[in-house]
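Model the full structure from these sequences, guided by the hints.
2 protein chains.
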Amino acid sequence: MARIVQKFGGSSVANLDRIMHVAHLVKREVDAGNEVAVVVSAMAGVTNQLVELVQKVSPFYDLREHDVVVSSGEQITAGLLSLVLQSMGIQARSWLAWQLPVLTDESHSKARIQLIRADLLKEELSNNKVAVLTGFQGITEDKRITTLGRGGSDTSAVALAAVLKADFCDIYTDVDGIYTADPNIVSKARKIDKITFEEMLEFASQGAKVLQTNSVEMAMRHNVRVRVRSSFSDVPGTWVVDESEILDHAPVSGIAHSRDEAKITLVDLIDHPSSFEKIFTPLSEAHINVDMIVKNISTSAGKIDLTFTVSKGDLERTLYVLEQRLTENVFDKINFDPDVAKVSVIGLGMKSHAGIASTMFKTLSEKGIPIYVISTSEVKISVLIAEEYLELAVRALHAAYNLDVH
Amino acid sequence: MARIVQKFGGSSVANLDRIMHVAHLVKREVDAGNEVAVVVSAMAGVTNQLVELVQKVSPFYDLREHDVVVSSGEQITAGLLSLVLQSMGIQARSWLAWQLPVLTDESHSKARIQLIRADLLKEELSNNKVAVLTGFQGITEDKRITTLGRGGSDTSAVALAAVLKADFCDIYTDVDGIYTADPNIVSKARKIDKITFEEMLEFASQGAKVLQTNSVEMAMRHNVRVRVRSSFSDVPGTWVVDESEILDHAPVSGIAHSRDEAKITLVDLIDHPSSFEKIFTPLSEAHINVDMIVKNISTSAGKIDLTFTVSKGDLERTLYVLEQRLTENVFDKINFDPDVAKVSVIGLGMKSHAGIASTMFKTLSEKGIPIYVISTSEVKISVLIAEEYLELAVRALHAAYNLDVH
Numbered sequence: 001m002a003r004i005v006q007k008f009g010g011s012s013v014a015n016l017d018r019i020m021h022v023a024h025l026v027k028r029e030v031d032a033g034n035e036v037a038v039v040v041s042a043m044a045g046v047t048n049q050l051v052e053l054v055q056k057v058s059p060f061y062d063l064r065e066h067d068v069v070v071s072s073g074e075q076i077t078a079g080l081l082s083l084v085l086q087s088m089g090i091q092a093r094s095w096l097a098w099q100l101p102v103l104t105d106e107s108h109s110k111a112r113i114q115l116i117r118a119d120l121l122k123e124e125l126s127n128n129k130v131a132v133l134t135g136f137q138g139i140t141e142d143k144r145i146t147t148l149g150r151g152g153s154d155t156s157a158v159a160l161a162a163v164l165k166a167d168f169c170d171i172y173t174d175v176d177g178i179y180t181a182d183p184n185i186v187s188k189a190r191k192i193d194k195i196t197f198e199e200m201l202e203f204a205s206q207g208a209k210v211l212q213t214n215s216v217e218m219a220m221r222h223n224v225r226v227r228v229r230s231s232f233s234d235v236p237g238t239w240v241v242d243e244s245e246i247l248d249h250a251p252v253s254g255i256a257h258s259r260d261e262a263k264i265t266l267v268d269l270i271d272h273p274s275s276f277e278k279i280f281t282p283l284s285e286a287h288i289n290v291d292m293i294v295k296n297i298s299t300s301a302g303k304i305d306l307t308f309t310v311s312k313g314d315l316e317r318t319l320y321v322l323e324q325r326l327t328e329n330v331f332d333k334i335n336f337d338p339d340v341a342k343v344s345v346i347g348l349g350m351k352s353h354a355g356i357a358s359t360m361f362k363t364l365s366e367k368g369i370p371i372y373v374i375s376t377s378e379v380k381i382s383v384l385i386a387e388e389y390l391e392l393a394v395r396a397l398h399a400a401y402n403l404d405v406h
Numbered sequence: 407m408a409r410i411v412q413k414f415g416g417s418s419v420a421n422l423d424r425i426m427h428v429a430h431l432v433k434r435e436v437d438a439g440n441e442v443a444v445v446v447s448a449m450a451g452v453t454n455q456l457v458e459l460v461q462k463v464s465p466f467y468d469l470r471e472h473d474v475v476v477s478s479g480e481q482i483t484a485g486l487l488s489l490v491l492q493s494m495g496i497q498a499r500s501w502l503a504w505q506l507p508v509l510t511d512e513s514h515s516k517a518r519i520q521l522i523r524a525d526l527l528k529e530e531l532s533n534n535k536v537a538v539l540t541g542f543q544g545i546t547e548d549k550r551i552t553t554l555g556r557g558g559s560d561t562s563a564v565a566l567a568a569v570l571k572a573d574f575c576d577i578y579t580d581v582d583g584i585y586t587a588d589p590n591i592v593s594k595a596r597k598i599d600k601i602t603f604e605e606m607l608e609f610a611s612q613g614a615k616v617l618q619t620n621s622v623e624m625a626m627r628h629n630v631r632v633r634v635r636s637s638f639s640d641v642p643g644t645w646v647v648d649e650s651e652i653l654d655h656a657p658v659s660g661i662a663h664s665r666d667e668a669k670i671t672l673v674d675l676i677d678h679p680s681s682f683e684k685i686f687t688p689l690s691e692a693h694i695n696v697d698m699i700v701k702n703i704s705t706s707a708g709k710i711d712l713t714f715t716v717s718k719g720d721l722e723r724t725l726y727v728l729e730q731r732l733t734e735n736v737f738d739k740i741n742f743d744p745d746v747a748k749v750s751v752i753g754l755g756m757k758s759h760a761g762i763a764s765t766m767f768k769t770l771s772e773k774g775i776p777i778y779v780i781s782t783s784e785v786k787i788s789v790l791i792a793e794e795y796l797e798l799a800v801r802a803l804h805a806a807y808n809l810d811v812h
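Those protein sequence lines, which keep their order, are chains A and B. Here the first sequence is numbered in this note's numbering, starting from 1 and rising by one per residue. Here the second sequence is numbered in this note's numbering, starting from 407 and rising by one per residue.
It is possible that some hints are incorrect.
As the list claims (entries may be wrong) - Calculated lysine-lysine pairs in the DSS-like style (CA-CA distance at most 25 Å, straight line):
1) A:143 to B:535
2) B:739 to B:718
3) B:594 to B:768
4) B:600 to B:757
5) A:56 to B:433
6) A:362 to A:188
7) A:122 to B:549
8) A:110 to A:312
9) A:143 to B:528
10) A:165 to A:122
11) B:535 to A:56
12) B:462 to A:27
13) B:549 to A:129
14) A:143 to B:549
As the list claims (entries may be wrong) - What the simulated footprint calls covered on chain B by chain A, stretch by stretch (three residues with Cβ under 8 Å from a Cβ of chain A suffice, anywhere in the stretch; the number is not a length):
15) 459–471
16) 475–487
17) 499–513
Derived from the structure by calculation, the hints contain no laboratory data. The beta-carbon is built from N, C-alpha and C at its ideal position, and this holds for glycine as well.
Here it is in structure tokens:
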């Protein structure tokens, strides 16, 4: 007997037929004698519709009210799945984030879970009742609704698995697992059987949309074994586990990419440490994540050009925040480009293998792809390129590192 | 300066354009220096869609989960209206029922409000902030979500007005006010300027869909002055007030009707007081309201036929509950008929005027309309008839009591 958290994403609960199917996947675990907590997303498309409504109302909206509107979708799915389970003779009830509660910080629209009070849930599970929790949402200390950002239900599921000390957390989605590259771009991409938290973290933050970054960080921190699998087929998924569970590592485990990038260049910034603070503190206060940063020499004396990336969705707000700074004469001009993409080579084995970076630069150079920005970590090398080169770059790198299926 | 509660129904917030218009109606009161609390319904059609989803899952569903699903619509409207108000420079925030909280009993899907903790709201109002509350919903003592039944947002608004000691409660809807009869049926119907709580209670419970019965009861109990008016025009509405505010009463103030009736006859019921208990206790426990009841003589000795009405929506559950009783030999057979309607003549002046009932029976008889069941109170006479006669009966009675506009 195991204690399991099962998470079902939007495409897995897209309509009543899909929800019925999900109920069978839950029943299978219950029939096997397992204790089951379920985390659900909103039905596919619902959250997008709600976000659109909010954006139509005002471009610079109150994120607290944004969260009130967009968090309503999960409530519907949780109630419906509980009803379907009941109709199959399984004791089940829905739990909304505020009912436990799931406490988060106050970063509305991208909040982080701080605490889940799960005493009531544990009691229900030990009485063989299935608990169906709304993912993606939480509340602050003063009872305002928060949401966890795109893919936040993954984080809800992993956090719940950690609190419940679950044996593992199954993330059901519309793909079979993690691939060496996006199969829509690289037809020769392979499914990965096991991957480390560190690598998955890079895949997630580099734009593989299967798992949210926060959820992988949380899994790593609490050593929650996560399995990414399909709710549409019974193909074995990909296990995301601790490094110690994997015996040997290929130097490169895959190629990730992200189109959700926008490049901003501040022209003729005063070359002084205080300039950076003046730029990045207000962005941070506006909860805008800055990713790749590079400093270039300017033609003006005592000035530099500063290039960095934010997500496309934050571009408008970033420009708004920066334009306020423009009046303070910290820099002269803002250039921006939303038509960029990031490509990353990822591998835990990279630490112990030389030449990974040079292969990357050589491959891109041979295809005539200019590199705008480079960033690296112990387990990845990322480059920012024009979005139009994206597919070409991913396919060329996949082949260059011998990842293609033959 | 007044303190006002404004309630906007589903058609008033049906889409973003309508919500913008509602925001202007709120702003008008704010600009006039008033303290404003707003209660909103779900966008038109949303709650029906949610109810359909629940019904597709299972005909005999857990009402607690039903309430979780169907209460999600108001959350969206409250958030969106708050955002629109903010974009117009008005300080506003949404309040979900659980955030105050609005406490109800445990009669899921038709819960009654027991208590509203409004300390935080009062503080906001006195700081000139507009509070936008989700109507229709509450929570139980143990934090399960409840809904108040169809039109429950009216009750939310009146209850809030009572708690806030508001000067009055404006119920904005898609009609100009209360009419002497449904203008869709009687082209010569007149709008009523002022009506007493007692009469409105009969209009509401007899099927005029403008205000929910519970809301009128609550207004009467707490003497909350209610105005029913249109969010689509600036025509003065109908005030619903205490008897003392109206100087003279016509004997009949209007004709109400309801199609939401189903007739059930239990054939050959054992004629003993315990029989009634055996029938009505389980119905009551299933939260099914029984309306008109009549006892007929049966051809079998020591037996009677019992006829009563329930709302059409409760028919299926009523039959289910009664069929369980059938096995106990309390009665022999169940007949039912959903194609019935109720027509009511309403007037506070009825108390002091003779001949109101005889005019009704004479009028229906002249038109050849058979009466199945009769029920009366101090301010109304109701008859159950075949649904096919409904329009004919309403028009004939409206003319007979000289209510037609000339």
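Okay, the hints, checked on the actual structure:
{"no.": "1", "hint": "A:143 to B:535", "verdict": "18 Å, holds"}
{"no.": "2", "hint": "B:739 to B:718", "verdict": "20 Å, holds"}
{"no.": "3", "hint": "B:594 to B:768", "verdict": "21 Å, holds"}
{"no.": "4", "hint": "B:600 to B:757", "verdict": "18 Å, holds"}
{"no.": "5", "hint": "A:56 to B:433", "verdict": "20 Å, holds"}
{"no.": "6", "hint": "A:362 to A:188", "verdict": "21 Å, holds"}
{"no.": "7", "hint": "A:122 to B:549", "verdict": "17 Å, holds"}
{"no.": "8", "hint": "A:110 to A:312", "verdict": "15 Å, holds"}
{"no.": "9", "hint": "A:143 to B:528", "verdict": "17 Å, holds"}
{"no.": "10", "hint": "A:165 to A:122", "verdict": "10 Å, holds"}
{"no.": "11", "hint": "B:535 to A:56", "verdict": "23 Å, holds"}
{"no.": "12", "hint": "B:462 to A:27", "verdict": "20 Å, holds"}
{"no.": "13", "hint": "B:549 to A:129", "verdict": "18 Å, holds"}
{"no.": "14", "hint": "A:143 to B:549", "verdict": "14 Å, holds"}
{"no.": "15", "hint": "459–471", "verdict": "holds (count 9)"}
{"no.": "16", "hint": "475–487", "verdict": "holds (count 9)"}
{"no.": "17", "hint": "499–513", "verdict": "holds (count 5)"}
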